[in-house]
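So for the sequence shown, the working numbering puts the first residue at 515; every next one is plus one.
Quick caveat, the hints were computed from the structure, so don't treat them as lab data.
Careful: at least some of the hints might be erroneous.
Stated by the list, open to error - Calculated lysine-lysine pairs in the DSSO-like style (CA-CA distance at most 30 Å, straight line):
1) LYS1017 - LYS585
2) LYS580 - LYS895
3) LYS970 - LYS843
4) LYS580 - LYS937
5) LYS970 - LYS924
6) LYS1000 - LYS929
7) LYS937 - LYS581
8) LYS580 - LYS606
9) LYS970 - LYS606
10) LYS929 - LYS580
To be verified - Computed spacing ranges between beta-carbons, pair by pair:
11) ASP1141 - PHE778: 22 to 30 Å
12) GLU966 - SER738: 50 to 58 Å
13) GLY931 - HIS567: 44 to 52 Å
For every residue, glycine included, the Cβ atom is placed at its ideal position computed from N, Cα and C.
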Amino acid sequence: MFTLVSACLLLALSLLFYRDRITSFPSHIHAWTQSDRLALSYGFIHDGFDLFHPSTYNLHPEYQPKKTLEKETGITRVDFPLVEYVVALLMKVTTLHEPVVFRLFVLLCSLGGIIVLLRLFGQLGMNDPMKFVMLAFVFSAPVYAYFQAGFIPSVPAVALTFLAFYALFLHLRQQQTRQLVLAISALTLAALIRMPFTMPLAATLLSLLVFYRKSLRWLFLTLSLGGLSVIVVLAYLLYNEYLGNHYGSLFISRLMPAVSVADFGQIMNQSWANWKWHYFTGTHYVLLAAGLCILVVKFSTMARETRVLIHIALFSLLLALAYLVVMAKQFIAHDYYLLDAFFIPLVILSGIGLSRIMPQKTWQHPALWLIATLLVFFMVKASLNIQAQRYITQSWDRTETTRLNFTGSKELLDKAGISAAAKILVLDSYTYNAPLLLAGRRGYTVINTTPENISKALTFGFDYIVVQNRFLASDVLRNYPALGTKLQPVTNNGRIGVYTLGKDSLPDSFSRLLMLAQARTLFQLQDSTLKSTGIVSAQEVAAEFIPLIRLSLDSLNMQGEFLVFEMHAMMKEYGEGGLFLVTLVRRGEKQYFYDGFDLMPFFEHQVTQSGLAACIQLPAGLQQADDLSCYIWNPGRHRLDFSEMHIQLITYLPQNLTTFSHEKH
515 MFTLVSACLL LALSLLFYRD RITSFPSHIH AWTQSDRLAL SYGFIHDGFD LFHPSTYNLH
575 PEYQPKKTLE KETGITRVDF PLVEYVVALL MKVTTLHEPV VFRLFVLLCS LGGIIVLLRL
635 FGQLGMNDPM KFVMLAFVFS APVYAYFQAG FIPSVPAVAL TFLAFYALFL HLRQQQTRQL
695 VLAISALTLA ALIRMPFTMP LAATLLSLLV FYRKSLRWLF LTLSLGGLSV IVVLAYLLYN
755 EYLGNHYGSL FISRLMPAVS VADFGQIMNQ SWANWKWHYF TGTHYVLLAA GLCILVVKFS
815 TMARETRVLI HIALFSLLLA LAYLVVMAKQ FIAHDYYLLD AFFIPLVILS GIGLSRIMPQ
875 KTWQHPALWL IATLLVFFMV KASLNIQAQR YITQSWDRTE TTRLNFTGSK ELLDKAGISA
935 AAKILVLDSY TYNAPLLLAG RRGYTVINTT PENISKALTF GFDYIVVQNR FLASDVLRNY
995 PALGTKLQPV TNNGRIGVYT LGKDSLPDSF SRLLMLAQAR TLFQLQDSTL KSTGIVSAQE
1055 VAAEFIPLIR LSLDSLNMQG EFLVFEMHAM MKEYGEGGLF LVTLVRRGEK QYFYDGFDLM
1115 PFFEHQVTQS GLAACIQLPA GLQQADDLSC YIWNPGRHRL DFSEMHIQLI TYLPQNLTTF
1175 SHEKH
């Protein structure tokens, strides 16, 4: 009965947490790695479901093979991609090639794992109120909740490990062979799909060898199953090494320890500062502490099979600490490493401790239910708040900006008559696969737009170049000015521009590249107008706030508008601090929209004069009573001289977007 109730509670919590995001493309925190995982599923569909040659949409691996490939296929080294393969099969069967399939599969794996975990705790003697608490404990742990309906294989690996521990506990009690086979098989599969899960596998095998050292039958079976498991894992590791050597890899495959003890301490402090409330909520930490304390006090009274499970969890915890040392640098930016290393042993140990809470008197039962309900409420509420924070779009989050800019790009390229088989080069992608997936084309990406990287990328076998309008001048043309005369526009929707690489020299014009001649200008100010009105003087400026425009939108038809900003600036004297182009929309007394575009990259390496340009997308939902203002924020108090300023408020007209021929480079 409790299993059915648990399933209903888990479904209710799933609706509460994921109803608005279950269909969405990978976004916000760790969208990079999640989109890479989604790309593996699409790669299987694209390449005919070849399980042992996983590929993504990115044809140029980050970690190059030992020998240059004759043909780039996107095949990559990666942990055994069974999750991505099953998702691809589900997409094929349902004909629904959408992220929702991946999210639902991972979520169902997680829910199944939690139900199995509760059955384990039931075997340990845990009462229903505490099982209710542990259900919420696992489900609502913020980092777990975030990825529970996501794309990384850590969550299915956690579920498999819960299954393994349940089967193992039954085996220790009932001494049945099939339960031991299931336990080691599940642990082996978890280790294959996410290699850090070799830690609970190793901890289990070594603990069983000690436990069965006096039982020849079970010792032999453990050695046989364990040996087979090790052979399978090592075999895939060797094959994975072959994939990396022959095809390259998009995924990290090296250790990343701290360089010194002091460095390790700093990394740990920063990791804790970054993620402590994302790992667990305050209520989680209280329950962890309580469970571990009870475990210590009650350990001597626990059954033998329970103590074996504790030994396995403790051994896993020690291995997790070793993993923390050898992968320390990754913990600063990767909260999901908690799931790979510490999550399972902490859940098992605290759960065993909390299972010792047993009401002795009748009145204690309703009191325990009341306390359990309050604990669940606090955990869920705090976790929901953290989830909301994790989905806030920050102005500095270029990965999320890229996702938003490339949303709808497949339709844009299709309407422009660009073949689905065409290869695209994204010059400012900030992720390996997200823009390619959204564009529905394989190709290449440049993460860091240095002159060397752009020059190298221009030798790749692409058909079209795609650049985000927002970063065209600041990230691409600034680093590789010669490209501005070679790009032939094909189509532009205000967020991204699609180009071919021409051989002839074309006018070096930001307006030409943005196809502004095919757009509708709603409002514009030229340099002479700005100066004559006194908005910007002809003299150099060192003020903190330099106003440019302010206007009411009541006379404009605001549908999908963009603010295009061009000017020439001379840096007379560097200050200390930033320099930003700020676009602000106020609705009454409240700020409705704020965008701070960093202008300092234009003055990188002590450049004294530069052309500044940007295309800023205004938000949807603007109203006629809104006020739009644009100003330069100069917190560094740099001394600047502006000239040749041109500000336009424009909208792109869909029927005029594809006016140029599609001549390949």
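A quick look at each hint next to the structure:
1. In summary, the hint linking LYS1017 to LYS585 is supported, as the alpha carbons are separated by about 25 Å, within the 30 Å threshold.
2. Proposed proximity of LYS580 and LYS895 is contradicted: the alpha carbons are some 51 Å apart, above 30 Å.
3. Taking the CA atoms of LYS970 and LYS843, the gap is near 29 Å; set against the 30 Å cutoff, the hint holds.
4. Of the pairs offered as hints, the one joining LYS580 and LYS937 holds, with about 24 Å between alpha carbons and a cut-off of 30 Å not exceeded.
5. For the hint pairing LYS970 with LYS924, the CA-to-CA distance comes to about 26 Å; that is within 30 Å, so the pair holds.
6. Taking the CA atoms of LYS1000 and LYS929, the gap is near 23 Å; set against the 30 Å cutoff, the hint holds.
7. The suggested pairing of LYS937 with LYS581 holds, with an alpha-carbon distance near 22 Å, which does not exceed 30 Å.
8. A C-alpha spacing of about 34 Å is found between LYS580 and LYS606, which places the hinted pair above 30 Å, so the restraint is violated.
9. The hinted pair formed by LYS970 and LYS606 fails the criterion: a straight-line CA distance of about 36 Å is larger than 30 Å.
10. At roughly 40 Å between alpha-carbon atoms, LYS929 and LYS580 are farther apart than 30 Å, so this suggested pair is violated.
11. Between ASP1141 and PHE778 the beta carbon distance is about 51 Å. The supplied range of 22 to 30 Å is therefore violated.
12. For the pair GLU966 and SER738, the beta carbons lie near 54 Å from each other, so the given range of 50 to 58 Å is met.
13. The hinted range of 44 to 52 Å is not satisfied by GLY931 and HIS567, whose Cβ atoms lie roughly 31 Å apart.
In this structure, the earlier hints numbered 2, 8, 9, 10, 11, 13 are contradicted, and the remaining ones agree with it.
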